[in-house]
Amino acid sequence: MRDIYYFGTCLVDLFYPQAGMAGIQLLERFGARVHYPQEQSCCGQPPFNSGFRDEAQNVAIQQLALFDQPFDLVVPSGSCAGMIKHHWPELLKGTDHEARATELAARTYELGEYLIDHLNVTLEDQGEPTTVVVHTSCSARREMGVAEQGKTLLGMLKNVTVEVPKYETECCGFGGTFSVKQPEISAAMAEDKTTHLAAAGADRFVCGDSGCLMNLSGTLEKRGIQLDSSHLYDFIWERVQ
Amino acid sequence: MNTAVNFTDAAKTALKNPTLRFNFRQAMDSLRERRAAQFPDQDELERARDLAGAIRRRSLNHLAEKLVQLESQCQKNGIQVHWAETPAQANEIILEVCQRHDAKHVIKGKSMVSEECHLNDYLAKHDIEALESDLGEYIVQIDGETPSHIIMPAIHKNKKEIAELFAEKIPGVEYTEDVDTLTAIARKVLRSKFETAAVGISGVNFAVAETGTLCLVENEGNGRMTTTVPPVHIAITGIEKVVPSLSDVAPLYSVLTRSATGQHATTYFNMISSPRREGERDGPQEVHLVLLDNGRSKIYQDERMQDTLKCIRCGACMNHCPVYTRIGGHAYGTVYPGPIGQILNPQQYGIDQQGEMLSACSLNGACGEACPVRIPIPSLISELRHEATRNDQAGTVYGQGALRKLHEAVVWGSWKWIHRTPWAYKAMGLAATRLRRLVPSAAMGPWTKTRVKPALAEKTLHELMKERES
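Read top to bottom, the protein sequences are chains A and B. Residue 220 is where the first sequence starts when you use this note's numbering, and the numbers rise one by one after that. Residue 333 is where the second sequence starts when you use this note's numbering, and the numbers rise one by one after that.
Among the clues, some could well be false.
Unchecked claim - List of simulated lysine-lysine pairs, DSS-like, C-alpha gap at most 25 Å:
no.	chain 1	residue 1	chain 2	residue 2
1	A	Lys400	B	Lys748
2	B	Lys737	B	Lys781
3	B	Lys737	B	Lys344
4	A	Lys312	B	Lys630
5	B	Lys457	B	Lys436
6	A	Lys441	B	Lys344
7	B	Lys492	B	Lys520
8	B	Lys785	B	Lys344
9	B	Lys791	B	Lys748
10	A	Lys400	B	Lys785
11	A	Lys312	B	Lys642
12	B	Lys758	B	Lys798
13	B	Lys348	A	Lys400
14	B	Lys348	A	Lys441
15	B	Lys501	B	Lys525
16	B	Lys436	B	Lys501
17	B	Lys785	A	Lys441
18	B	Lys348	A	Lys385
19	A	Lys400	B	Lys344
20	B	Lys525	B	Lys457
21	B	Lys748	B	Lys737
22	B	Lys492	B	Lys348
23	A	Lys400	B	Lys737
24	B	Lys758	B	Lys785
25	A	Lys370	A	Lys385
26	A	Lys441	B	Lys781
27	B	Lys525	B	Lys436
28	B	Lys748	B	Lys798
29	B	Lys748	B	Lys758
30	B	Lys781	A	Lys400
31	B	Lys348	B	Lys781
32	B	Lys491	B	Lys501
33	A	Lys312	B	Lys748
34	B	Lys520	B	Lys501
35	B	Lys758	B	Lys791
36	A	Lys400	A	Lys441
37	B	Lys457	B	Lys501
38	B	Lys642	B	Lys630
Quick caveat, the hints were computed from the structure, so don't treat them as lab data.
If we strip away everything but chain A, and leave its shape as in the complex, we get (with noise of 0.2 Å):
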């Protein structure tokens, strides 16, 4: 039995905690104990792409400190893993907090790509044939580097087809404040997003990234589109049971 870290992300806590809970369960069916530090709140992503970095240093510190033992950290998110991995270390730069930092990260995985890799789970489809459409996260494709991994995750569940949108690997246009300061430009990259989805002809869409499942989910459902979403885990939990 391996031990692990979880870091549920601040998203997932409030907005999709089902979500949050299958990933556990996914990971203890494949052989991890699943460490939940409750002081665990957010990894600072929003006040540090606003140029907020002094508050989310503050706090990257003091979540830095939860998570001390050598175990694997396991987020299920891209954004907020790469967070940790990739801005923990040059946002705590030159401070004592550096060297954890950097080790931290070296042990700081994306949910699906650990599934994968480290516990090479199989998945045994236990639900009616559908098709779903994926959107991958950018900070999953590019920062984490785990574009394929959610689609390598579906594509193990046998009565499930997968598709993908065209412009597959454009951003769908959440990006955190960027929602919030840009709302014209932002809509209009999640409208064609949704316009994608929808065109894939799925009956459900899946997506392993709070902030895009909520931009898309909220602006398909707003345009009355008729389109299901899950969040990716949540779906492969429910397909496996």
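Starting from the known structure of chain A, arrange chain B on it as the hints suggest.
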């Protein structure tokens, strides 16, 4: 010179223009596809980027000495070298040369650095007509516009718009949408100007220190005409364009043309090493090189920001940017649009003047992934956002702290306290989830204008895990 721009309003207007949206989407799709076709092998692409990035880094590491070497080599070759700290100085230098040769009109090859100087306007004020000879530049010039893309200046216009423009602005031209005919019309106008221009003005893609060679990359032959037909050639470029040796040029040229237009090689590649020599039958009698700083040495002094100067102006970052693709180049209101503009303009002209566009980035990373010299554009945008909001005066960029807003500072201050105080964070989670039905849509601000309000869960993950443990 007033350099303040109103980015957000211009972007909103652009988003509502379906023709513009369509023109840019089509053009960017085509440029991206052509680039991708030039790099079928991902490993080869990454190696080419490594090499080109390393050459640019090495060039910058030795910038001062390479510039001195460039100057002395150019002088040995008979090229006159001028240094300009500001666009105003560059303009004066160019005007002086033009006036000395009694120039009434000059012909220009494409040069973004001359756009930085607003050179055409300046010369016009001194009764010198400057005519753009690059077809795209010619189109935007006769329409009184500025380039909307650094490689494809008229990319915002479709064929129909250009046909209408030519019929309206060029005497004796009838409306036609035939591309060959339109090109022939422009060619005819330009040919006569090449023959009579006293001075040709061009940009420079790479200035080779070792040999004093000015390299110019182009497709239309107008660059060669500009630099060889008139009796005087003035090249203008930024001080960062220097590379140490001739062997550095080929790898950079290769990633430049493939990244920019998806061409394996351009139709023309000019290497200018001197004025006309004794016994030679053509070429200009005088060649001048104007090296412009305009904020570059300040960027250079900050190690964090120095990578900005690695840029070889291929435009791939804008071609891959989902924001640029939707709003086009004019919305930025600056000389350089798109991601490279977002990092360059605020540093050159100040965050207070041109920093607003820093918010127009989702940090999706597509520009950084495409950049052939590996400029970490998203990281630099993030770094500049920090400069824009910091209040410690410890930054290095002009206009630091100019975009710090009190309400934002309060929000992030509270955010910090809540997220580092476990009981407060849990209390916030409890309140949000228990009162979820009471949270009004309006609390989400502009988010809910185009999206349904996201549903808060009944219980947080913290609670679910706590329950499981007990």
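Tested hints:
1. For the proposed pair lysine 400 of chain A and lysine 748 of chain B, the alpha carbon gap of about 20 Å is at most 25 Å, so the pair holds.
2. About 23 Å separates the Cα atoms of lysine 737 of chain B and lysine 781 of chain B, which keeps this hinted pair within 25 Å; it holds.
3. Using a Cα cut-off of 25 Å, the hinted pair lysine 737 of chain B and lysine 344 of chain B holds, with the two alpha carbons roughly 22 Å apart.
4. Distance restraint check for lysine 312 of chain A and lysine 630 of chain B: the Cα-Cα separation of roughly 23 Å lies within the 25 Å cut-off, and the hinted pair is therefore satisfied.
5. This hinted pair checks out: lysine 457 of chain B and lysine 436 of chain B have alpha carbons roughly 12 Å apart, not beyond 25 Å.
6. For the given pair, lysine 441 of chain A sits about 20 Å from lysine 344 of chain B by alpha-carbon distance, which is consistent with the 25 Å threshold.
7. A hinted pair counts as satisfied when its Cα atoms are at most 25 Å apart, and lysine 492 of chain B with lysine 520 of chain B qualifies at roughly 20 Å.
8. The suggested pairing of lysine 785 of chain B with lysine 344 of chain B holds, with an alpha-carbon distance near 23 Å, which does not exceed 25 Å.
9. Between lysine 791 of chain B and lysine 748 of chain B the alpha-carbon distance is near 23 Å, which keeps this suggested pair within the 25 Å criterion.
10. With a C-alpha separation of about 17 Å, the suggested pairing of lysine 400 of chain A with lysine 785 of chain B holds against the 25 Å cut-off.
11. Restraint check for lysine 312 of chain A and lysine 642 of chain B: the C-alpha separation of about 24 Å stays at or below 25 Å, so the hint holds.
12. For the proposed pair lysine 758 of chain B and lysine 798 of chain B, the alpha carbon gap of about 12 Å is at most 25 Å, so the pair holds.
13. At most 25 Å may separate the alpha-carbon atoms for a hinted pair to count; lysine 348 of chain B and lysine 400 of chain A meet this at roughly 18 Å.
14. Proposed proximity of lysine 348 of chain B and lysine 441 of chain A is supported: the alpha carbons are some 19 Å apart, at most 25 Å.
15. Of the supplied pair hints, the one linking lysine 501 of chain B and lysine 525 of chain B holds, its CA atoms being roughly 17 Å apart against a limit of 25 Å.
16. For the suggested pair lysine 436 of chain B and lysine 501 of chain B, the alpha carbons sit about 21 Å apart, so the restraint of at most 25 Å is met.
17. The straight-line distance between the Cα atoms of lysine 785 of chain B and lysine 441 of chain A is roughly 9 Å, inside the 25 Å bound, and the hint therefore holds.
18. With a C-alpha separation of about 23 Å, the suggested pairing of lysine 348 of chain B with lysine 385 of chain A holds against the 25 Å cut-off.
19. Annotation: proposed proximity of lysine 400 of chain A to lysine 344 of chain B holds, straight-line Cα distance about 12 Å (limit 25 Å).
20. For the hint pairing lysine 525 of chain B with lysine 457 of chain B, the CA-to-CA distance comes to about 20 Å; that is within 25 Å, so the pair holds.
21. The hinted pair formed by lysine 748 of chain B and lysine 737 of chain B meets the criterion: a straight-line CA distance of about 17 Å does not exceed 25 Å.
22. With a CA separation close to 20 Å, the supplied pair lysine 492 of chain B and lysine 348 of chain B stays within the 25 Å bound.
23. Annotation: proposed proximity of lysine 400 of chain A to lysine 737 of chain B holds, straight-line Cα distance about 12 Å (limit 25 Å).
24. Between lysine 758 of chain B and lysine 785 of chain B the alpha-carbon distance is near 22 Å, which keeps this suggested pair within the 25 Å criterion.
25. For the suggested pair lysine 370 of chain A and lysine 385 of chain A, the alpha carbons sit about 16 Å apart, so the restraint of at most 25 Å is met.
26. A C-alpha spacing of about 9 Å is found between lysine 441 of chain A and lysine 781 of chain B, which places the hinted pair at or below 25 Å, so the restraint holds.
27. Only pairs whose Cα atoms come within 25 Å are accepted, and lysine 525 of chain B paired with lysine 436 of chain B is accepted, the gap being roughly 11 Å.
28. Of the supplied pair hints, the one linking lysine 748 of chain B and lysine 798 of chain B holds, its CA atoms being roughly 24 Å apart against a limit of 25 Å.
29. For a cut-off of 25 Å, the pair hint linking lysine 748 of chain B to lysine 758 of chain B stands: about 14 Å separates their Cα positions.
30. A C-alpha spacing of about 13 Å is found between lysine 781 of chain B and lysine 400 of chain A, which places the hinted pair at or below 25 Å, so the restraint holds.
31. For the given pair, lysine 348 of chain B sits about 16 Å from lysine 781 of chain B by alpha-carbon distance, which is consistent with the 25 Å threshold.
32. Note on lysine 491 of chain B and lysine 501 of chain B: the hinted pairing holds, with a Cα-Cα distance of about 15 Å set against a maximum of 25 Å.
33. Distance hint between lysine 312 of chain A and lysine 748 of chain B is fulfilled; the C-alpha atoms sit about 19 Å from each other, no more than 25 Å.
34. With a CA separation close to 14 Å, the supplied pair lysine 520 of chain B and lysine 501 of chain B stays within the 25 Å bound.
35. A C-alpha spacing of about 11 Å is found between lysine 758 of chain B and lysine 791 of chain B, which places the hinted pair at or below 25 Å, so the restraint holds.
36. With a C-alpha separation of about 20 Å, the suggested pairing of lysine 400 of chain A with lysine 441 of chain A holds against the 25 Å cut-off.
37. Restraint check: the Cα-Cα separation between lysine 457 of chain B and lysine 501 of chain B comes to about 21 Å, which is no more than 25 Å; the hinted pair holds.
38. A C-alpha spacing of about 14 Å is found between lysine 642 of chain B and lysine 630 of chain B, which places the hinted pair at or below 25 Å, so the restraint holds.
Comparing the model with each numbered hint stated earlier shows that all of them hold.
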